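Using the sequences and the hints, build the whole thing.
In terms of the numbering used here, the sequence shown opens at residue 2 and continues consecutively.
These aren't lab readings, by the way, just hints derived from the structure by calculation. Please note: incorrect hints may appear among the correct ones.
[What the hints assert, rightly or not] In the DMTMM-like style, the derived pairs of lysine to aspartate or glutamate whose C-alpha atoms are separated by at most 20 Å in a straight line are:
(1) 379 to 559
(2) 310 to 285
(3) 1156 to 453
(4) 496 to 1139
(5) 978 to 485
(6) 890 to 1134
(7) 563 to 869
(8) 951 to 930
(9) 283 to 253
(10) 1073 to 1009
(11) 903 to 913
(12) 496 to 949
(13) 510 to 485
(14) 1156 to 1168
(15) 481 to 930
[Stated by the list, open to error] If you anchor each label on the Cβ, the simulated ranges turn out as follows:
(16) 493 to 539: 55 to 63 Å
(17) 950 to 1149: 43 to 51 Å
(18) 200 to 110: 49 to 57 Å
(19) 388 to 663: 22 to 30 Å
(20) 1149 to 468: 18 to 26 Å
Quick caveat, the model's predicted, so the values are computed rather than measured. Idealized CB from N, CA, C, for every residue including glycine.
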Amino acid sequence: MEKYANEDVAIKTVATGAASDDCDVDILNDSLHNLSLEEPGDLEPLASSTPVKAKRSDLSPSEFEPPAKRLHGEGCKKRQDILQTQLKEEFVESPGKRTERSEVMSFLGTDSKSHATRAVKSAFTSATYDKRKQQYRNIRKSISFVVGSESIDESDLQVSQNTEIYNLQQNVLTCKQKAKLIMDDILSNSSVSDNVYLSTLVNMYNQEMESISKITDSIDAIYERELKLLLQRETDKKISASERSTIVLEYDRLSTFVNLGIRSGVNSPEEQVTGETFKNLKLDFVRECPMLTEIVQCLFPDSEMTDRKSKCAVDALSLLTSLRNRHCKNDVTLLFTMMLVSYGAGCRMINILNKCGLTIHWDTLMNYLDSQLERKKKYVTSLTPQEIPLLLLMDNVNIYRGNKRHHRLYKAYGDNMWNFTVRGLLVPHLEGIQDLLSSRETAAESQHDVKDFNFEDIALDSNVEHCAIWTAHVDNYLTKLLQDGLNFSTEKHLKEMSESECNRCLSTKSYSTSTDLKISADSSYVDISQSSRKSNTTILPLSLENNSTLAGTCAILDQFGKEFSIPSSCQSKNLPFDKHSKTFCLKQAREHAEFIMMMNHHAQDSEQYKLQLSNAEENDADTFNCGDGFGDLEDHEVAGDVNCQKENEETPADTTVGSVKKLFQGQDILFNSTYESLKNKMCEAFQTDTIERFVKEMAEKPYVRDMKDHLGRTFLHIAVEQLNMNFVECLLHVGFNPNAKEKCGITPIIISVILKNKEMCQLLVKSRACVRGPLFTNVPSPIAVAKKMELAEILEILDPTSSDEEDDDLCSYDPAFQSVQSQVTLPTTKDNNKACTRSSPGFITGVVGDVGTCKTNRGVMSRSSSHDWVGIIPGDMHTKGYLAEACFKEQGPGGFHYLVHKVLKRPKLTKEAFKKKKFAEGNLSRIREAVRDGARAYGLAAVMEFKESKLYPDPHMMSQCNRATGSHTEILLGQFKLWVKQSNVVSSSFKYRSRMFLYYGPLFELYDLATSHCWGLARETCFLHQLPMYAQLNFPNYFTECFIHTVNLLGKWPLAFRKTVGLNCSVNVTGKQGCGLELDAFVEAEIVQPLKTYVSVAEPFLDQLKGAWFCLNNGLLDPSKSPEASPACYPVDGQGCEGGSVSKCYLDVQEKGVKKVADNFKSKLYDCFPDLRYQLLLDV
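Here it is in structure tokens:
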């Protein structure tokens, strides 16, 4: 009982403000005001204190006053405690708030700034002082309610004066805690027989509850008193009628600002919504609404109108204009709604906010988006007349679906990633090539017969224009190396410096550059005619297809065809012919049929996918409409989760070749097992001489004749292909149709002709198998097959001289033949006078993508003839990444990797950064810079070695060249090239490493020039030069991509389309000269990652000089160092020491690569272009 008594006294003391505490405070206040620095009173100074000497001054003796004595020790501590106590009574900590220092000093009654500052920092740990504004941060005055006896009776409050509401609330909390302890004791002692003790505890509990009730009533009374005071305030503090009308007028003006013309259709979102939209809205608000601006400034006194808070306030006011006027055409509300949807908000959330007036209704948004989509389609159609070619852009984008409950699409669709495809359109610039597009020969027919091509036709040396560009550019590159290397000088030769001396020299720039040598690079060969032309690009609607799969890519290409009126004449039945082996390819015919089936399966999955998306939105809307309040939402969410889990079990995955094959295998299980069972029974019947009974049993099972596998083959097709003569005879006796067609159009007799089996052909002909006629409209007839394969004996069996009466005879018993005969149409003739458009055969439409996209596009084209209009264009950004990887593979072991990783201090240039992760984590720009700086470092080192050689021109030669040409460029460049040529012959190490500044450096620089200035001929030159390198370095995918594109450019594509690609090989968004961007980089930067930023890099010359020091110090470009030895390796972890030799496969890459390409050119040509190897034959 004693512990409760002590706590009771403590609680009542705090709640009622005991007199003893008040007395202590009064004593402290009196002592504070009575303190004087001259007369410390009963505060004794320390014995060791010494008087402070007066400072020298110009004051007269009458004006001089002795300095005040300072408090020390215990006196300072007491004063500090008193000041802290006073501060805590009036001020509280509040992050982000500010209080003037003068206000604090006035409250404390002190003129000492340091005393006030120390007291504030001691009392409030988070408080800081702003010297510039003379304010204390993170504190404010506490909200205290002083109780007056004139308004509320003191007996009703039961609290002392000057008590804060916060303290009262703490008292309530303390009483509740004590009451809980008492109740716990009551419950624990409920079995005690001492009723007196229990009754005492109950009384104490009741007293505590009464105390809580009284304190709560006191708080309510204080609030009521303050409300009365607010109502009794003077009327002069309210806004006047004129101010009210001004605010109404300015708010009406704001209502006109928020009408951006988007919903009304005056402006499209692309034209009106830019980065400056809300900035201009803010400026209009400040200019036209001064009183509202002043109100915003009052709400945020510490921020200017350019601050983020004030900007948010203007945006919020713009958003809330719809609350005042429902008929206001507020486009800010529309934009806010679309922003919420882009962040994953669904129908339910949008409609909830719509009831609050913050968004438009979900149905309104959907109708608006549908109208915008239709408007976009009309706009794109107006940009793309049928007479011009197009360049289509596409790339795969992966979007995280989310795994949280509030992500509405997660549970319905299973996987964590969306695999969509972004699409874009480049309307090409066609100035100067209109006449090529108007002629069918140049617009729709190949430049050359590619079947007759040899390696010489695509070799760089055989193409004069390309060779001239490469030669001029290499000279330009070497001239700039000579200019930088020969005009650079230091007190100590760079080759003789240690690493620390080199670092000091470069960091302090203790070097000089002279202009004694007149060296100037000639850039007149660069074509900048297209450099400053702004490109016409358009972002197309997102596709739900996944272009990393064959089915998805085919669907995307079909979608492109529908949007731009490109016909797709896909033949479901075809039988390709291989000219080399002189036979028809059954396998490819069936693969084509499987591809058609895969696309049909994919179309069904896509419809189901779209239906699920639609149902998800409808269910979301129904859930919202089920209840008026928020209380019903949770129950509906739970029910929705159950439904989503059920849907998740049947969610279609991406249609791939592997998934479809598994589906086909499942469908063929019964067919294959039945066929094997019948075949085994037939063998047993022949062995036991019961074949007649077997045939009779088979005849009694008509369903067996109708069984087919996924390719549409019957048991007869399988038996003929297996050359099982006995089983074929049985099946024909049972009644199997000898003219049954597979899905690819093949009949059993065609199979027997292709297999060159005369006996099987005779058996099928006797069984009235058709060998000619309208049954074979989409595939060659058996007679045509025999003629093409030059099978004279089989052709005689088929009897090509038979009468057409055979067709009438077949129609009498074969319904399939009769239906085909009724569908025969006469062939149409081609109108050569008709204008050539995108729907004309041979007219190419370009599709740009990375190596994966191009590979998938080729896979679709090889399986379906309906996409022969596609012109596959490799993306240059990705090609530059592959080029950097090739440079690393060839030159990395010989010192290049060690140079850029260790010497130039670039730790992120790891092996993976050049290979698997070259397009991730910003590595592409790093490896491109590494190749650039490494090549320049090698080149500068070679120039400095050349300067010390005997071939360096003497002063007489230099003077003679200057007199003749006006510069030293010609003599220096000629002698340097001669020195390089001789060094290549002398030293294999020099020849190996000289590839950095003779090949990779110039090639990268020329490729960048081609992109920057939209220089198509230079781009073609870069592709011609990469072929041998990829062939020798064993990059099959890159080599295939480069080979196909080179053959297309130089021969297979029509001349008009080749010129179109050359004039539009890059995108210039701004129209500024030299600001071209790779086509695939445009897709990445403007569509996939629209917020991607590009940063400028530091001047690389110092890094290149440091790399040149490493080359000189290790003799990498010294032809006299070990001329017969193989180039040494420099492992990254080898501390700059040699470690082994470079593999021989990396030596003489260009020469070996040229030989490989030349030796395998024909086979590669036929591998990459199936349309040159196979022909679709029709029975004509």
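Tested hints:
1. 379 to 559: holds, 19 Å
2. 310 to 285: holds, 17 Å
3. 1156 to 453: holds, 19 Å
4. 496 to 1139: holds, 18 Å
5. 978 to 485: The hint holds at about 16 Å.
6. 890 to 1134: Given pair residue 890, residue 1134 holds - Cα atoms ~17 Å apart, limit 20 Å.
7. 563 to 869: Holds, because 15 Å separates the two Cα atoms, which is no more than 20 Å.
8. 951 to 930: The given pair, whose Cα atoms are some 33 Å apart, is violated under the 20 Å limit.
9. 283 to 253: With a Cα-Cα distance of about 15 Å, the restraint between residue 283 and residue 253 holds, given a limit of 20 Å.
10. 1073 to 1009: Holds - the C-alpha atoms of residue 1009 and residue 1073 are around 16 Å apart, at most 20 Å.
11. 903 to 913: holds, 16 Å
12. 496 to 949: holds, 11 Å
13. 510 to 485: holds, 15 Å
14. 1156 to 1168: Answer holds: residue 1156 to residue 1168 is near 18 Å, not above 20 Å.
15. 481 to 930: holds, 17 Å
16. 493 to 539: 55 to 63 Å: holds, 60 Å
17. 950 to 1149: 43 to 51 Å: violated, 23 Å
18. 200 to 110: 49 to 57 Å: holds, 54 Å
19. 388 to 663: 22 to 30 Å: Since residue 388 and residue 663 have Cβ atoms about 46 Å apart, the given range 22 to 30 Å is violated.
20. 1149 to 468: 18 to 26 Å: holds, 20 Å
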